[in-house]
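Chains as they are written, first to last, in this note's numbering: chain A, 1 to 546; chain B, 1 to 459.
I should point out that these hints are in silico values taken from the structure, not numbers from a laboratory.
Hints may contain errors.
As the list claims (entries may be wrong) - Below, computed lysine-lysine pairings styled on BS3-like, alpha-carbon distance capped at 30 Å:
#1 A/K23 <-> B/K122
#2 A/K429 <-> A/K471
#3 A/K471 <-> B/K62
#4 A/K221 <-> A/K429
#5 B/K125 <-> A/K22
#6 A/K308 <-> A/K149
#7 B/K125 <-> A/K375
#8 B/K383 <-> A/K149
#9 A/K290 <-> A/K218
#10 A/K34 <-> A/K375
What the hints assert, rightly or not - Label-pair distances were calculated between CB atoms; the ranges are:
#11 B/E436 <-> A/N536: 35 to 43 Å
#12 B/E356 <-> A/K172: 58 to 66 Å
#13 B/R230 <-> A/D104: 34 to 42 Å
#14 A/E538 <-> B/A83: 56 to 64 Å
#15 B/L193 <-> A/P532: 29 to 37 Å
#16 B/G285 <-> A/S540: 42 to 50 Å
#17 A/G451 <-> B/E436: 55 to 63 Å
#18 A/E440 <-> B/K62: 48 to 56 Å
#19 B/G127 <-> A/K23: 48 to 56 Å
#20 B/P117 <-> A/F129: 51 to 59 Å
#21 A/A402 <-> B/G127: 53 to 61 Å
#22 B/K62 <-> A/K22: 42 to 50 Å
#23 B/K62 <-> A/I410: 36 to 44 Å
#24 A/D110 <-> B/P117: 49 to 57 Å
Said to hold, decoys possible - Per the computed footprint, the stretches of chain A lying under chain B, defined by three or more beta-carbons under 8 Å from a beta-carbon of chain B, are:
#25 46-56
#26 80-88
#27 433-440
Just so it is clear, the structure is predicted and the values come from calculations on it, not from any experiment.
Where is the CB? At the ideal position from N, CA and C, for every residue including glycine.
So the chains spell out like this:
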Amino acid sequence: MATKTKKMVQWNPTDIKEDMLKKYPPKVARKRAKQILINEAQESGTPEITANVRTIPGIITMRGCTYAGCKGVILGPTRDIVNITHGPIGCGFYSWLTRRNQTDASGEGDENYMPYCFSTDMEDKDIIFGGEKKLEAAIQEAYDLFHPKSIAVFATCPVGLIGDDIHAVAKKMKDKLGDCNVFAFSCEGYKGVSQSAGHHIANNQIFRHVVGENDEPKEGKYKINLLGEYNIGGDGFEIDRILNKCGITNLATFSGNSTYDQFASCHQADLNAVMCHRSINYVADMLETKFGIPWVKVNFIGAESTAKSLRKIARYFGDKELVDRVEEVIAEEMPAVVAVREDVLPRTTGKTAMLFVGGSRAHHYQDLFGEMGMKTLSAGYEFAHRDDYEGRHVLPNLKVDADSRNIEEIEVEADPERFNPRKSEAELKALEEDGYEFKEYDGIIPDMENGSLVIDDLNQYEAEKLVEMLKPDIFCAGIKEKFSIQKLGVPMKQLHSYDSGGPYAGFRGAVNFYREIDRLVNSRVWGYLKAPWQENPELSATYVWE
Amino acid sequence: MLLRHTPTEIADRSALTINPAKTCQPIGAMYAALGVHGCLPHSHGSQGCCAYHRSTLTRHYKEPISAGTSSFTEGASVFGGQANLLQAINNIFTVYEPEVIAVHTTCLSETIGDDLPQITDKARKQGSIPDGKDVIYANTPSYVGSHVTGFANMVKGMAQVAAPTGVKNGKVNVIPGWVEPADMEEIKRLAALAGVEIILFPDTSGVLNGPMSGHYHMYPEGGVTMDELRSTGDSIGTLALGEWCSADAARYLDSTHKVPCRVLDMPFGLQATDRFVDALRTLAGRSVPDEITNERGQLVDMISDMHQYFYQKKVALVGDPDQLIAMTEFLVSLDMWPVHVVTGTPGKKFEERIRELTADLPYEVNVKAGSESDMFLLHQWIKNGSVDLIMGNTYCKYIARDEDIPYVRWGFPILDRVGHQYFPTVGYKGGLRLLEKILNVLLDRTDRDAPEQSFELVL
Ligand code: SF4
Ligand code: SF4
Numbered sequence: 001m002a003t004k005t006k007k008m009v010q011w012n013p014t015d016i017k018e019d020m021l022k023k024y025p026p027k028v029a030r031k032r033a034k035q036i037l038i039n040e041a042q043e044s045g046t047p048e049i050t051a052n053v054r055t056i057p058g059i060i061t062m063r064g065c066t067y068a069g070c071k072g073v074i075l076g077p078t079r080d081i082v083n084i085t086h087g088p089i090g091c092g093f094y095s096w097l098t099r100r101n102q103t104d105a106s107g108e109g110d111e112n113y114m115p116y117c118f119s120t121d122m123e124d125k126d127i128i129f130g131g132e133k134k135l136e137a138a139i140q141e142a143y144d145l146f147h148p149k150s151i152a153v154f155a156t157c158p159v160g161l162i163g164d165d166i167h168a169v170a171k172k173m174k175d176k177l178g179d180c181n182v183f184a185f186s187c188e189g190y191k192g193v194s195q196s197a198g199h200h201i202a203n204n205q206i207f208r209h210v211v212g213e214n215d216e217p218k219e220g221k222y223k224i225n226l227l228g229e230y231n232i233g234g235d236g237f238e239i240d241r242i243l244n245k246c247g248i249t250n251l252a253t254f255s256g257n258s259t260y261d262q263f264a265s266c267h268q269a270d271l272n273a274v275m276c277h278r279s280i281n282y283v284a285d286m287l288e289t290k291f292g293i294p295w296v297k298v299n300f301i302g303a304e305s306t307a308k309s310l311r312k313i314a315r316y317f318g319d320k321e322l323v324d325r326v327e328e329v330i331a332e333e334m335p336a337v338v339a340v341r342e343d344v345l346p347r348t349t350g351k352t353a354m355l356f357v358g359g360s361r362a363h364h365y366q367d368l369f370g371e372m373g374m375k376t377l378s379a380g381y382e383f384a385h386r387d388d389y390e391g392r393h394v395l396p397n398l399k400v401d402a403d404s405r406n407i408e409e410i411e412v413e414a415d416p417e418r419f420n421p422r423k424s425e426a427e428l429k430a431l432e433e434d435g436y437e438f439k440e441y442d443g444i445i446p447d448m449e450n451g452s453l454v455i456d457d458l459n460q461y462e463a464e465k466l467v468e469m470l471k472p473d474i475f476c477a478g479i480k481e482k483f484s485i486q487k488l489g490v491p492m493k494q495l496h497s498y499d500s501g502g503p504y505a506g507f508r509g510a511v512n513f514y515r516e517i518d519r520l521v522n523s524r525v526w527g528y529l530k531a532p533w534q535e536n537p538e539l540s541a542t543y544v545w546e
Numbered sequence: 001m002l003l004r005h006t007p008t009e010i011a012d013r014s015a016l017t018i019n020p021a022k023t024c025q026p027i028g029a030m031y032a033a034l035g036v037h038g039c040l041p042h043s044h045g046s047q048g049c050c051a052y053h054r055s056t057l058t059r060h061y062k063e064p065i066s067a068g069t070s071s072f073t074e075g076a077s078v079f080g081g082q083a084n085l086l087q088a089i090n091n092i093f094t095v096y097e098p099e100v101i102a103v104h105t106t107c108l109s110e111t112i113g114d115d116l117p118q119i120t121d122k123a124r125k126q127g128s129i130p131d132g133k134d135v136i137y138a139n140t141p142s143y144v145g146s147h148v149t150g151f152a153n154m155v156k157g158m159a160q161v162a163a164p165t166g167v168k169n170g171k172v173n174v175i176p177g178w179v180e181p182a183d184m185e186e187i188k189r190l191a192a193l194a195g196v197e198i199i200l201f202p203d204t205s206g207v208l209n210g211p212m213s214g215h216y217h218m219y220p221e222g223g224v225t226m227d228e229l230r231s232t233g234d235s236i237g238t239l240a241l242g243e244w245c246s247a248d249a250a251r252y253l254d255s256t257h258k259v260p261c262r263v264l265d266m267p268f269g270l271q272a273t274d275r276f277v278d279a280l281r282t283l284a285g286r287s288v289p290d291e292i293t294n295e296r297g298q299l300v301d302m303i304s305d306m307h308q309y310f311y312q313k314k315v316a317l318v319g320d321p322d323q324l325i326a327m328t329e330f331l332v333s334l335d336m337w338p339v340h341v342v343t344g345t346p347g348k349k350f351e352e353r354i355r356e357l358t359a360d361l362p363y364e365v366n367v368k369a370g371s372e373s374d375m376f377l378l379h380q381w382i383k384n385g386s387v388d389l390i391m392g393n394t395y396c397k398y399i400a401r402d403e404d405i406p407y408v409r410w411g412f413p414i415l416d417r418v419g420h421q422y423f424p425t426v427g428y429k430g431g432l433r434l435l436e437k438i439l440n441v442l443l444d445r446t447d448r449d450a451p452e453q454s455f456e457l458v459l
């Protein structure tokens with residue numbers, strides 16, 4: 001195809017980096033240089049990258065705000081909590097159904113407020129005189145209309161500035177209403193440097209106000225929680241299907257397809273499986289400290305990764321019955337996956353990808369591309385921290401700065417009654433000696449090839465440059481990036497809220513993804529960018545019938 | 001049921017908005033600014049607002065939407081955003097090289113009280129604004145008005161660029177209001193047919209309905225140029241389409257530069273288009289060519305051909321004031337019955353206009369504007385008095401599905417269908433398209449529900 005002729009020329013990552021930086025004012029260039037890393041094996045371990053730092057004003061970033069991370073990402077998929085945005089109308093409006101979180105509220109009497117948008121719609125008088133009264137009235141109106149079991153309140157930027165005490169209002173209303181758990185999030189958009197701060201604020205409050213509220217025993221032989229899975233495009237449904245099939249009970253997903261009660265009962269699980277390390281690793285830590293539940297990192301993106309993660313869970317429980325069942329399930333599921341993979345491989349092998357998303361997806365999806373014989377030229381996160389790049393061993397060295405200081409770290413102690421170490425010291429040690437990894441995540445960098453470019457908080461200008469220079473066969477990012485990339489003639493797949501389709505997790509998800517990428521990189525449309533008269537501008541015509 | 005918690009019984013609300021029929025000012029300012037050639041909109045606040053506005057516009061247009069942000073962190077929120085904006089202006093002109101930056105504020109910078117003219121002035125003195133380049137601005141506090149207000153404010157910011165030379169340019173300023181790129185194109189086509197030279201601002205045609213060519217142009221061909229904007233002060237008059245969207249800018253040009261203005265309804269449907277064409281013709285002193293009269297005749301023709309399907313059909317409408325006024329008039333002209341009309345944008349005058357337009361119908365219209373006038377209320381009205389058709393943005397599909405009512409997507413945002421970028425709904429041609437859309441959903445429903453013995457081939 002005409003558009004593909006220039007690709008796969010030899011490129012030198014140092015030149016690419018230099019080229020990306022050369023147009024910036026010196027101060028910007030210096031800052032960005034530290035966030036653009038050429039991957040290379042170093043004797044002393046993983047190379048260091050700068051991450052989780054402020055975006056430079058005027059630079060067209062992919063990032064959103066703390067509120068988006070809190071209300072949009074973490075609480076977005078909670079269907080039976082009435083989520084009220086306290087602020088002017090916009091913030092609530094834009095986070096209304098715009099992420100593709102699916103939820104199954106088909107049970108008799110199930111509550112589902114996700115199709116609704118609740119806002120205090122602050123007006124100038126509320127900004128001038130304070131919005132606490134209006135918030136209080138709004139909570140009352142929501143309660144009178146719906147009688148939900150829980151109401152959550154989210155602060156937007158102006159709220160923090162005018163000093164409304166949303167926590168006091170929430171507390172007051174909780175006491176007044178009696179049968180409704182009301183709590184609030186100080187997730188003003190200016191706190192922190194990205195959505196990531198919002199995840200933290202959200203998870204802290206869920207942990208503080210909901211987790212452990214329900215001690216009614218939950219049935220299940222192998223009980224786990226799935227942390228950091230948001231059921232975009234039905235990913236969580238597919239993972240649940242597989243877990244069920246294996247006989248593993250998923251008590252709570254944080255927070256895809258979740259309910260209030262799932263969070264409230266999650267302390268009864270025996271293992272926490274962490275999908276998205278960025279958005280929730282601290283909750284896993286807190287659950288371990290408070291209740292004694294160990295955690296492991298898993299990844300259900302990619303068929304091989306799914307199999308690996310299932311085996312990891314089975315091995316933790318150490319029951320032969322479960323280990324065998326997991327093998328059976330994998331053996332049953334894989335043929336369909338392999339069949340589709342074999343079908344697409346001839347068309348996808350050797351193609352190249354770039355991924356700039358998340359949290360964790362820029363890492364996880366490399367497994368899927370790998371399964372299709374595709375190579376990742378460059379990748380990076382939108383809002384991750386150094387540990388997501390370099391691995392958790394850097395955690396002790398991370399410096400607290402003016403922005404991260406804003407984000408509360410909850411001090412957690414062992415619960416006097418309910419702390420119960422699921423495995424004894426000796427058992428944990430035995431597993432670890434056998435190569436089993438608890439609380440471990442090595443980050444994206446070690447999994448990427450030498451010479452590939454790892455770029456934090458990529459912006460529009462750099463994205464365009466990268467695509468022009470490296471001509472990947474596919475580029476993955478979010479909705480804001482989608483169409484500028486596609487105008488360049490390169491297919492673009494959204495990997496935050498998949499633009500369409502899904503699930504892409506688990507076995508069936510892998511099949512969907514193989515087909516989707518095959519469709520995208522081989523679509524006929526990329527061959528139509530030039531009109532015939534642009535390809536052959538000569539004016540002379542030849543007449544066959546002359 | 002997706003909206004299973006919406007009760008039929010309506011209780012008064014004074015604090016809680018549910019399923020809003022509006023959004024916030026800056027997105028309107030951003031949309032308007034994209035209608036200036038070579039312009040990069042800039043959101044002065046924390047980066048979340050900008051990300052949200054860009055995402056929503058991108059989903060609506062399926063086109064790249066670029067905009068800068070001052071990326072406030074806590075420090076800026078406490079000490080003011082001047083340093084951030086100065087840095088942003090410098091970085092933007094260096095890296096993205098626009099002709100002009102259109103700065104709008106957000107709730108945050110408004111609450112802090114940042115002074116845009118003063119900061120811009122400082123940027124110029126510091127040499128961050130290259131010669132021949134511009135920064136325009138608008139204050140867009142979202143706790144006042146709605147996205148429509150923000151649009152109007154930025155359009156007024158454009159009018160403030162006017163620099164009359166004293167020599168008339170023989171052109172008519174047309175302020176189209178918040179309509180689609182295809183609508184702006186249609187307005188230009190009508191004016192050209194009528195032989196009237198216009199300056200259309202903003203003009204998003206050629207910007208938000210661009211081609212795919214293998215190249216990405218951050219600043220596409222379209223948009224009103226800064227030179228044209230400067231020249232609006234020399235025009236022979238201004239036609240402002242829509243009181244809410246366009247009147248402020250027109251009145252500014254009138255009172256400041258003596259460019260006489262007329263405020264008209266947006267040209268949706270037969271009569272509003274009639275008035276627009278008539279005003280254009282008289283202002284410019286041209287006669288209307290047969291082409292336009294014929295287009296009008298085609299619209300009248302289709303109305304008469306299909307009148308039986310429109311007659312006394314009840315309609316629920318949600319959207320923005322200027323659009324709703326014109327649409328209500330159009331529906332009444334078809335002998336349809338708009339029974340419920342809701343907008344989140346405040347305006348007493350809106351309610352009055354809708355009452356006037358429906359005054360001689362045998363029922364009292366439900367109409368409400370402003371806070372708590374939301375889609376939750378609209379849904380409750382529908383539960384209490386069912387309709388044959390819903391018209392509004394994509395969020396209406398939840399109501400339409402739950403209540404099983406035919407539904408036409410119209411307004412902003414449309415997140416799940418295409419067409420609005422390319423096919424106008426203003427003018428006579430646009431009227432034809434609206435009729436086609438309405439008929440399609442009504443007749444699909446007739447076909448779906450007809451018993452076998454009365455299912456008909458010809459309708
Ligand atoms: S803070 Fe204001 S400007 Fe920003 S999204 Fe919310 S309502 Fe809009
Ligand atoms: S106002 Fe603040 S909370 Fe709301 S969208 Fe903007 S940055 Fe986010």
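Hints that the structure is at odds with (numbers, increasing): 2, 6, 7, 12, 13, 18, 19, 20, 21, 22, 27
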